[in-house]
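Enquirer: Each chain, written out:
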Amino acid sequence: DAKTTQPPSMDCAEGRAANLPCNHSTISGNEYVYWYRQIHSQGPQYIIHGLKNNETNEMASLIITEDRKSSTLILPHATLRDTAVYYCIVRVLRGGADGLTFGKGTHLIIQP
Amino acid sequence: GAVVSQHPSWVICKSGTSVKIECRSLDFQATTMFWYRQFPKQSLMLMATSNEGSKATYEQGVEKDKFLINHASLTLSTLTVTSAHPEDSSFYICSASRQINYNEQFFGPGTRLTVL
Chain A
1 DAKTTQPPSM DCAEGRAANL PCNHSTISGN EYVYWYRQIH SQGPQYIIHG
51 LKNNETNEMA SLIITEDRKS STLILPHATL RDTAVYYCIV RVLRGGADGL
101 TFGKGTHLII QP
Chain B
1 GAVVSQHPSW VICKSGTSVK IECRSLDFQA TTMFWYRQFP KQSLMLMATS
51 NEGSKATYEQ GVEKDKFLIN HASLTLSTLT VTSAHPEDSS FYICSASRQI
101 NYNEQFFGPG TRLTVL
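If you read the protein sequences in the order shown, they are chains A and B. Reading the first sequence from the start, the letters are residues 1 to 112 in the numbering used here. Reading the second sequence from the start, the letters are residues 1 to 116 in the numbering used here.
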């Protein structure tokens, strides 16, 4: 699976949009971009994933650049409960299931 | 839907004893379950992949005789830390993939193991 690069930490004001970047310049054509987050002392939570089109669900939006070398996770109206470590993971969708390779992620801190 | 539970949520044990951690998929059948370990201020590291009815596949550097994994049913996998030592103290997290949709992994809440 391709490597990803994320800033180690970010701050965002409560109520504002949080934009979390991820670089994955070596991504291959069959690799998807996944985002998970981990609130302190809890298991990770799936947020969203995409291949090349922008995606939106009830939690967030995922914007993938046209060359697919980077992406941005957007939390439209951040709340204090969104404070967590956010992981960007690039992986191939296989017929079976593979374990995830977590990088260091971005520690997002939502400020009141 | 897609809830994964772990039991216990935390455990403290003496060095040399064995500890069993359970991972259950509560509302779906999980063909594959995964076990991760997370040390303080570090990221999750995959330990092993567990398929129902077959032997687990361990990641490089993980001792299969020390970390015994059993996936006896489509809703239950167990991790037993044998002869635990203080360096085994960690946050152990399981995840499960649904049979229908392999896209998502659903994670349990984790088990905090402290070995004295």
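Any given hint could be a false lead.
As the list claims (entries may be wrong) - Keeping only pairs whose Cα atoms sit at most 30 Å apart, straight-line, the calculated BS3-like set for lysine-lysine is:
#, chain 1, residue 1, chain 2, residue 2
1, B, LYS66, A, LYS104
2, B, LYS14, A, LYS69
3, B, LYS41, A, LYS104
4, A, LYS3, B, LYS14
5, A, LYS104, B, LYS64
6, B, LYS41, A, LYS3
7, B, LYS64, A, LYS3
8, B, LYS66, B, LYS14
What the hints assert, rightly or not - What the simulated footprint calls covered on chain B by chain A, stretch by stretch (three residues with Cβ under 8 Å from a Cβ of chain A suffice, anywhere in the stretch; the number is not a length):
#, region
9, 7-19
10, 72-86
11, 104-111
Claimed, not checked - Facing chain A, a subset of chain B residues (Cβ under 10 Å, in silico):
#, residue
12, VAL4
13, GLY61
14, ASP65
15, ILE93
In short, the hints are calculated from the structure, not lab data. Just so you know, even glycine gets a beta-carbon here, dropped at the ideal spot from N, CA and C.
Enquirer: Find the hints from earlier in the document that the structure breaks and name them by number, from lowest to highest.
Expert: 2, 4, 9, 10, 13, 14
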